[in-house]
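For the record, the sequence lines run as chains A and B. Just so it is clear: in the first sequence, position 425 is 425 by our numbering, and no numbers are missing. In our numbering, each residue's number is its place in the second sequence (first place is 1) plus 1000.
Just so you know, the hints here were simulated from the structure itself, not pulled from any lab data. Quantities reported herein were computed from a predicted structural model and do not represent experimental measurements. Careful, some of the hints might be misleading.
[Unchecked claim] Okay, derived cross-link-like pairs now, DSBU-like style, lysine-lysine, Cα gap no bigger than 35 Å in a straight line:
| no. | chain 1 | residue 1 | chain 2 | residue 2 |
| --- | --- | --- | --- | --- |
| 1 | A | K247 | B | K1251 |
| 2 | A | K251 | B | K1236 |
| 3 | A | K62 | B | K1377 |
| 4 | B | K1236 | A | K7 |
| 5 | A | K247 | B | K1236 |
| 6 | B | K1209 | A | K377 |
| 7 | B | K1377 | A | K125 |
| 8 | A | K251 | B | K1125 |
| 9 | B | K1211 | A | K377 |
| 10 | B | K1251 | A | K236 |
| 11 | A | K236 | B | K1007 |
| 12 | A | K251 | A | K377 |
| 13 | B | K1377 | A | K211 |
| 14 | B | K1080 | B | K1266 |
| 15 | A | K62 | A | K261 |
| 16 | A | K377 | B | K1062 |
| 17 | B | K1125 | A | K377 |
| 18 | B | K1247 | A | K7 |
| 19 | B | K1007 | A | K247 |
| 20 | A | K209 | B | K1377 |
| 21 | B | K1209 | A | K209 |
| 22 | A | K236 | B | K1125 |
| 23 | B | K1251 | A | K7 |
| 24 | A | K251 | B | K1007 |
| 25 | B | K1247 | A | K247 |
| 26 | A | K236 | B | K1050 |
| 27 | B | K1106 | B | K1007 |
| 28 | A | K106 | B | K1377 |
| 29 | A | K62 | A | K80 |
| 30 | A | K377 | B | K1106 |
| 31 | B | K1251 | B | K1209 |
| 32 | A | K125 | B | K1236 |
| 33 | B | K1053 | A | K251 |
| 34 | B | K1211 | B | K1125 |
[What the hints assert, rightly or not] From chain B, some residues computed to sit far from chain A (all C-beta separations above 12 Å):
| no. | residue |
| --- | --- |
| 35 | G1030 |
| 36 | I1032 |
| 37 | T1041 |
| 38 | E1055 |
| 39 | Q1088 |
| 40 | V1110 |
Cβ coordinates follow ideal geometry from the N, Cα and C atoms, glycine included.
There are 2 protein chains.
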Amino acid sequence: MDGVLIKNLSAHVGEEVTINGWLYNRRGSGKIQFLILRDGTGLTQGVLVKGEKPELFDDAKKISQESSVRVTGVVEENPKSPGGFELQVNNIEVVSQTEDYPVTLKEHGVEFLADRRHLWIRTPKQSAILRIRSEVEMAAHEFFYQNDFIQADAPIITPNACEGTTTLFEIDYHGDPAYLSQSGQLYNEANAMALGRVYCFGPVFRAEKSKTRRHLMEFWMIEAEAAYFNNEDNMKLQEEMVSHIIKRVLKNRSAELEVLKRDTSKLEAVQLPFPRLSYTEAVELLQKKGHEFNWGDDFGAPDETVISEEYNAPVFIHRFPTNIKAFYMKPDPDDENVVLGADLIAPEGYGEIIGGGQRIDELEMLEQRLEEHQLPKEEFEWYLDLRRYGSVPHSGFGLGLERLVAWICGLEHVRETIPFPRMLYRMHP
Amino acid sequence: MDGVLIKNLSAHVGEEVTINGWLYNRRGSGKIQFLILRDGTGLTQGVLVKGEKPELFDDAKKISQESSVRVTGVVEENPKSPGGFELQVNNIEVVSQTEDYPVTLKEHGVEFLADRRHLWIRTPKQSAILRIRSEVEMAAHEFFYQNDFIQADAPIITPNACEGTTTLFEIDYHGDPAYLSQSGQLYNEANAMALGRVYCFGPVFRAEKSKTRRHLMEFWMIEAEAAYFNNEDNMKLQEEMVSHIIKRVLKNRSAELEVLKRDTSKLEAVQLPFPRLSYTEAVELLQKKGHEFNWGDDFGAPDETVISEEYNAPVFIHRFPTNIKAFYMKPDPDDENVVLGADLIAPEGYGEIIGGGQRIDELEMLEQRLEEHQLPKEEFEWYLDLRRYGSVPHSGFGLGLERLVAWICGLEHVRETIPFPRMLYRMHP
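One chain only, chain A, in its complex shape (with noise of 0.2 Å):
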């Protein structure tokens, strides 16, 4: 249907153009009324003036918030209206009237806004945290493009878990059980032999009973491979993926962290290459801040907190002791109680974003570790295959979709970087 998008009008203005969208809210005196009127790519003003057309100007009065409306005026810049610009508004034609919008524009608890996600995301900080999110996916298939790296869609529906049984959501398949996927890595490992560097961009499933503010049942994950890639290599693809989508977003999407009252320096600092620490110089940076630690133990949220507050971009902690990650991670040959593998963690306590690293590429080696972290090996034999056919170095890191856009937009809870979350006692709707 004929209509300029709010986002555009600036290539409209001295024009008569028509808006078709919903009132978001009206502001204004007995005289002047400035309708805010959305479209789902920004917010703009409409102004009608009483004495100018006075049946207009009373029919816009019975507008109820989020009925939809086409409106038609011609466009003016107005540094005032939101985005800079307005319409004086000519005509307005009601789609549909909405009666006791639920969504009012006052404060309301987060359960009732839950309840109503269907309609919480068309307010104005909803809506571009979704679109930052949308830019950020935009960002990374970019990114991937121009580095050569392939698509290459891992599935869902699968027989094996990655990193163990205990938090799997699992199917009936035709009479089979089968699991949802928590990783697309072991796939992608396969198509990396095939493709050389590849990624799988997807939805991810953690069935786990936790309940806080940094994690979801069902989120994305973007998880990249490469043939011939060693932990350095992987490091150094991590940092640029990450720069890159920083500065796309900063580009493209001012309007919408403005909307967020993002803090942007924080974004803009954010500078190549990332600080690199090991494993043991962050324990020895915990110990000196007075926090109780022992070498062997893992991070828990506090403690990355603690080391990302002495950095202004994200840091790698890399060499984590082999005992406390996952049964395909290489150690380093130079010291075997460590593996070649790093964390990226956020700035400003969000934690960590990437979990990534070289794989084992010795097949007796991988045997050993399905045997002692007591994985069924016949489920395997097809990614022991990789060791025994041409196997190769190479290294790979997944990426929390909603942790990285929780940072990106400055959110406290990772429950609003995704139109419908799915949490321990969340899925409607």
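Using the hints, position chain B against chain A.
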């Protein structure tokens, strides 16, 4: 690790470079050896002359198929070499010698290959298909970005069924039954009311007991939805998207299409606008061609093939009978027996690749349809809210990625269009 990708060899003519890859094949005589190398981005050949480097020549003879090798040599142009360039080999580092590689260069049966899918994807044909799939995905993202669509990921774990409950995979969601999504459409509609124009792009699931060359249990759908789009806008969007994807694949993946021996004239013939045929006209066409077909029946694969053979481009069939289409399809105000929807049928017998249409935007009619289809109204209350609060005309569609890729690549079966297909009797590897 240092090296040059095979696809970038043209930029290094005259230079000594290293290829990090695998030995795919070997040709030659007792005096000259051609090592056919692959690295996931393409094929090239390494040339060795016995008279020049006798020791290297003999060592190279011992390298077995699919061994991983780092081959260093000087790049030369040679139109007879795969990819048009070759390497005058100076050094070979065998990273891992392979023994008894099962997927030899002779013909194998499909079941044999499917059991070894993780190795099968290394062959030139399969890796070409997967690179084209990736290009299609990128082309879709690019198209939507350029047309102001926001990627808004739909949930996979859902409490309700979009199109009936008989073909659902069920999971236990912390004590409640839940289902794997068959379509993101209902969520897309909610997102479109918030963000204007949206799409989701992810896996969907159908537990169908069918075993055809067009069906997978797990496949990827591109689903778009736009507020203030009518059925005409929707068809225009679809044809522009399909045309954009075809053009980009032709431009960037000509080498892969050549590997597949695809007759690209069939793809180049696809021009805008696509032909549009009403269902009633399509029925008349079938009858004229001597097919037994009654108005009111749904098309089967043979019917679609007959219709598509009339055209060089995909063809829209619009205004299907209301009672063979989904509950949310908007009836044509001019004839309530048909809906404002269209299927897009690919040429060359590839069948339906898109289903789409305008949605019912009136609350009462939608409530009535839920009742007629015996769907539980309480599960759809949030969806009905979209008609209660600011309802607008809106339309959308769903494109089956694997069918589109099968057509573009000219494949018999969709199972080769995805890295790890999930079929009725197969979820390994």
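Holds or violated: B:K1106 and B:K1007, Cα atoms, limit 35 Å. Holds. B:K1106 to B:K1007 sits at ~26 Å (cutoff 35 Å).
Please work out if A:K62 and A:K80 have their alpha carbons no farther apart than 35 Å. 25 Å, holds
Holds or violated: A:K247 with B:K1251, Cα cutoff 35 Å? With a Cα-Cα distance of about 28 Å, the restraint between A:K247 and B:K1251 holds, given a limit of 35 Å.
Taken at face value, is the distance from the CA of A:K247 to the CA of B:K1007 at most 35 Å? Holds, at about 28 Å.
Are the Cα positions of A:K251 and B:K1125 separated by 35 Å at most? Violated, because 40 Å separates the two Cα atoms, which is more than 35 Å.
Assess, step by step, whether the Cα of B:K1053 is no farther than 35 Å from the Cα of A:K251, and give holds or violated. 55 Å, violated
Assess, step by step, whether the Cα of B:K1251 is no farther than 35 Å from the Cα of A:K236, and give holds or violated. Holds - the C-alpha atoms of A:K236 and B:K1251 are around 30 Å apart, at most 35 Å.
Distance rule for B:G1030, whose beta carbon must clear each one in chain A by more than 12 Å: 26 Å, holds
Does the alpha-carbon distance linking B:K1080 and B:K1266 stay inside the 35 Å limit? 27 Å, holds
Hint consistency between B:K1209 and A:K377 [alpha-carbon to alpha-carbon, up to 35 Å]: Holds, at about 30 Å.
Do the alpha carbons of B:K1377 and A:K125 lie within 35 Å of each other, as the hint requires? 30 Å, holds
Quickly compare the C-alpha distance for A:K251 and B:K1236 to 35 Å and report which way the hint goes. Holds - the C-alpha atoms of B:K1236 and A:K251 are around 30 Å apart, at most 35 Å.
Violation of the numbered hints given earlier is confined to hints 8, 12, 26, 31, 33, 37; the remaining hints are satisfied by the structure.
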